[in-house]
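**Student:** Read off the chains here:
2 protein chains.
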Amino acid sequence: MSLIDLSKQVALGVDIGGTNTKFGIVNHRGEVLDKGNLKTDAYDKVEDFIDALYEHVQPLMEKHGAVRHFDGIGVGAPNANYYKGTIELAPNLPWKGVIPFAELMTAKFNLPCKVTNDANAAALGEMLFGAARGMKDFIMITLGTGVGSGIIANGNLIYGHDGFAGELGHTIVKPGGRKHWSTGSEGSLEAYASATGITITAKKMRAEFPESMLNQYPEDEINSKTVYECAMKEDPIAIEVFRYTGQKLGEALANFVMFSSPQAILLFGGVIKAGDFILKPAKLHMERNLLPIFRNKVKLVFSELDEADAAILGASALVWEK
Amino acid sequence: MSLIDLSKQVALGVDIGGTNTKFGIVNHRGEVLDKGNLKTDAYDKVEDFIDALYEHVQPLMEKHGAVRHFDGIGVGAPNANYYKGTIELAPNLPWKGVIPFAELMTAKFNLPCKVTNDANAAALGEMLFGAARGMKDFIMITLGTGVGSGIIANGNLIYGHDGFAGELGHTIVKPGGRKHWSTGSEGSLEAYASATGITITAKKMRAEFPESMLNQYPEDEINSKTVYECAMKEDPIAIEVFRYTGQKLGEALANFVMFSSPQAILLFGGVIKAGDFILKPAKLHMERNLLPIFRNKVKLVFSELDEADAAILGASALVWEK
Chain A
1 MSLIDLSKQV ALGVDIGGTN TKFGIVNHRG EVLDKGNLKT DAYDKVEDFI DALYEHVQPL
61 MEKHGAVRHF DGIGVGAPNA NYYKGTIELA PNLPWKGVIP FAELMTAKFN LPCKVTNDAN
121 AAALGEMLFG AARGMKDFIM ITLGTGVGSG IIANGNLIYG HDGFAGELGH TIVKPGGRKH
181 WSTGSEGSLE AYASATGITI TAKKMRAEFP ESMLNQYPED EINSKTVYEC AMKEDPIAIE
241 VFRYTGQKLG EALANFVMFS SPQAILLFGG VIKAGDFILK PAKLHMERNL LPIFRNKVKL
301 VFSELDEADA AILGASALVW EK
Chain B
1 MSLIDLSKQV ALGVDIGGTN TKFGIVNHRG EVLDKGNLKT DAYDKVEDFI DALYEHVQPL
61 MEKHGAVRHF DGIGVGAPNA NYYKGTIELA PNLPWKGVIP FAELMTAKFN LPCKVTNDAN
121 AAALGEMLFG AARGMKDFIM ITLGTGVGSG IIANGNLIYG HDGFAGELGH TIVKPGGRKH
181 WSTGSEGSLE AYASATGITI TAKKMRAEFP ESMLNQYPED EINSKTVYEC AMKEDPIAIE
241 VFRYTGQKLG EALANFVMFS SPQAILLFGG VIKAGDFILK PAKLHMERNL LPIFRNKVKL
301 VFSELDEADA AILGASALVW EK
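Top line first, the protein sequences correspond to chains A and B.
Following full-length UniProt numbering, the numbering of the first sequence begins with 1 at its first residue and continues without gaps.
Following full-length UniProt numbering, the numbering of the second sequence begins with 1 at its first residue and continues without gaps.
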């Protein structure tokens with residue numbers, strides 16, 4: 001029979017982070033049928049990592065391969081280049097230089113492999129399986145240790161001429177502002193709206209306001225989680241830390257909206273646990289910096305995907321992308 | 001014979017500005033076979049304007065229609081919406097409200113009609129006939145009385161979910177900065193890098209520096225043209241006016257590059273007559289605000305199209321857009 005039974009087709013989704021790598025077998029409905037993980041930073045050589053990944057995945061592939069067809073492998077990784085299939089100069093991964101990752105994966109697994117950066121993968125996942133289902137124009141912002149982004153326009157990811165488009169975390173929101181700990185740029189969105197940025201803001205503000213509850217923690221326990229605890233107890237300084245973060249985020253979002261006029265902006269990642277403490281000021285400052293024709297049109301929403309599965313779903317979505 | 005002879009197919013391109021409207025008959029090679037113009041602001045009612053346009057165009061259409069086939073009409077106009085075929089709330093046009101312009105044109109000319117905003121039309125013209133031939137990812141910035149933009153990604157114009165994408169002139173480059181004379185926003189690119197913005201900068205700087213040559217002109221003669229004259233005579237204040245303008249432009253361009261990673265940024269419009277006085281600082285400040293992976297990759301170039309024809313070519317390009 002030549003008809004293809006979609007329910008039998010699956011993809012392997014792999015999400016590579018600096019510490020952990022997660023993988024899963026995903027079907028067309030975005031269901032993770034099986035999953036597992038391994039340590040990224042336990043492998044100094046990328047070939048060893050891929051061998052180990054194969055050892056982990058092989059039993060699952062055999063189990064599912066008996067009744068299902070593997071269409072390919074999708075990989076989300078920092079600094080991954082869709083066009084070239086490479087991972088390039090990723091500061092948080094153990095493997096240095098320019099790595100032909102897709103090629104190495106295909107050689108080992110004998111399956112087609114596509115790679116893209118982790119935020120792009122998350123955007124694809126949202127479009128196929130999450131809060132952006134049916135949307136053709138939206139922007140995904142991941143607020144974690146860093147700030148990543150994936151931009152969908154006309155139903156497609158924007159890769160740019162070289163595959164590196166969508167580095168919105170590094171756009172400047174305050175010229176001459178806070179120096180970024182890694183890039184050295186001044187006043188980037190990531191310097192304010194990442195978990196790292198929030199920690200810096202919190203340490204500065206608690207030093208200025210000795211009465212803040214934030215001063216009850218030792219220096220190394222100040223982070224977005226403890227700021228959230230204090231904000232929930234109505235500490236005005238902790239609330240101000242998030243308000244300031246939300247303002248900077250909102251100002252940046254206004255610029256993004258006037259670029260690609262998305263239907264929605266999806267927020268994702270650890271920082272969104274702060275909820276309305278960040279979302280409300282972000283919305284306010286986005287709207288007030290927009291031209292009237294853009295106002296009250298753009299939905300600002302949190303991701304609907306289960307965080308543990310989202311990255312795997314997003315990576316697997318690469319396999320079925322048009 | 002059913003084969004289509006491309007050399008016989010033509011489009012009518014119309015560029016509507018606040019004062020003048022230009023039109024031309026254009027072939028597939030981007031040659032303007034015939035052209036003309038009329039006053040936009042002489043017609044208080046849009047129906048009267050379209051009747052007058054028809055009277056002007058009709059003799060040319062008859063002349064060319066004998067041997068050529070008209071595929072359609074493309075219109076570039078401020079605040080024009082590609083999806084809806086409308087011109088909406090355009091502050092510089094005599095016709096108020098939301099005008100179903102494409103529909104009115106089709107009713108009068110009996111030809112399909114597409115509209116888009118003038119900067120989008122210019123971007124299409126550059127892609128088909130100008131400096132961006134063969135490029136799939138570039139950004140067009142028009143620096144005139146205002147600052148407009150058209151963004152091409154994956155070979156297509158980015159329209160956004162509502163048709164209003166690409167308002168880069170209104171993105172904020174200096175939060176809390178110069179108040180825009182019309183929108184009221186603070187620190188937008190247009191407030192600094194438009195001809196109007198340059199005039200404001202020049203008036204401020206000449207007041208601070210009595211020795212500047214700029215003080216030899218009466219107040220109402222200070223504009224980008226007279227600043228250019230003084231800069232050519234090596235007046236350091238006039239040069240500084242352009243340097244500051246270029247810096248703000250370059251800072252904005254860096255943010256745009258990190259959004260869509262274009263192969264080139266094309267600059268167009270009256271302000272580019274300032275040449276290297278603006279281009280060099282723009283390039284410098286663009287590069288220094290980019291992440292290393294984007295540096296020394298993006299060409300910053302002036303439009304190649306003849307300015308008188310560019311708008312007509314761009315509008316006609318709408319007809320043949322995929």
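Don't read these hints as lab results, they were simulated from the structure.
Note that the coordinates shown come from a computational prediction; the quantities given were computed from them, not determined experimentally.
A couple of the hints might just be wrong.
Claimed, not checked - Rough simulated footprint, nothing fancy, chain A against chain B, three-plus residues with beta-carbon under 8 Å: (1) 45-53; (2) 165-179; (3) 253-266.
What the hints assert, rightly or not - Below, computed lysine-lysine pairings styled on BS3-like, alpha-carbon distance capped at 25 Å: (4) B:K283 <-> A:K174; (5) A:K84 <-> B:K136; (6) A:K174 <-> B:K280; (7) A:K63 <-> A:K35; (8) A:K174 <-> B:K204; (9) B:K174 <-> A:K204; (10) B:K233 <-> A:K283; (11) B:K179 <-> B:K233; (12) B:K297 <-> A:K179; (13) A:K283 <-> B:K179; (14) A:K204 <-> A:K273; (15) A:K39 <-> A:K108; (16) B:K225 <-> A:K297; (17) A:K96 <-> B:K297; (18) A:K299 <-> B:K225; (19) B:K225 <-> B:K136; (20) A:K136 <-> A:K35; (21) A:K225 <-> A:K297; (22) B:K35 <-> B:K136; (23) A:K297 <-> B:K297; (24) A:K174 <-> B:K174; (25) B:K283 <-> A:K179; (26) A:K297 <-> A:K204; (27) A:K84 <-> B:K297; (28) B:K84 <-> A:K136; (29) B:K174 <-> A:K179; (30) B:K63 <-> B:K45.
Said to hold, decoys possible - Rough simulated footprint, nothing fancy, chain B against chain A, three-plus residues with beta-carbon under 8 Å: (31) 42-51; (32) 109-119.
Ideal placement from N, C-alpha and C gives every residue a C-beta, glycine not left out.
**Student:** Now, for every hint given, state plainly whether the structure supports it.
**Tutor:** Checked hints:
1. 45-53: Violated: only 0 residues of the region 45-53 of chain B have a Cβ under 8 Å from chain A.
2. 165-179: Per the Cβ count (10), the hint holds.
3. 253-266: holds (count 9)
4. B:K283 <-> A:K174: 19 Å, holds
5. A:K84 <-> B:K136: 17 Å, holds
6. A:K174 <-> B:K280: 23 Å, holds
7. A:K63 <-> A:K35: 12 Å, holds
8. A:K174 <-> B:K204: 23 Å, holds
9. B:K174 <-> A:K204: With Cα atoms ~23 Å apart, B:K174 and A:K204 stay inside 25 Å; holds.
10. B:K233 <-> A:K283: 49 Å, violated
11. B:K179 <-> B:K233: Violated, at about 31 Å.
12. B:K297 <-> A:K179: OK: B:K297 and A:K179 at ~24 Å, within 25 Å.
13. A:K283 <-> B:K179: Satisfied, since the Cα-Cα distance of roughly 22 Å is no more than 25 Å.
14. A:K204 <-> A:K273: 21 Å, holds
15. A:K39 <-> A:K108: 19 Å, holds
16. B:K225 <-> A:K297: Roughly 40 Å separates the two Cα atoms, so the pair is violated.
17. A:K96 <-> B:K297: 22 Å, holds
18. A:K299 <-> B:K225: 43 Å, violated
19. B:K225 <-> B:K136: Not OK: B:K225 and B:K136 at ~34 Å, beyond 25 Å, violated.
20. A:K136 <-> A:K35: 29 Å, violated
21. A:K225 <-> A:K297: Cα-Cα ~31 Å, so violated.
22. B:K35 <-> B:K136: This hinted pair is violated, its Cα atoms lying about 29 Å apart.
23. A:K297 <-> B:K297: 35 Å, violated
24. A:K174 <-> B:K174: 7 Å, holds
25. B:K283 <-> A:K179: 22 Å, holds
26. A:K297 <-> A:K204: 35 Å, violated
27. A:K84 <-> B:K297: 16 Å, holds
28. B:K84 <-> A:K136: 17 Å, holds
29. B:K174 <-> A:K179: 17 Å, holds
30. B:K63 <-> B:K45: 28 Å, violated
31. 42-51: violated (count 0)
32. 109-119: violated (count 0)
Violated hints, listed in ascending order, are 1, 10, 11, 16, 18, 19, 20, 21, 22, 23, 26, 30, 31, 32; each of the other numbered hints is respected by the structure.
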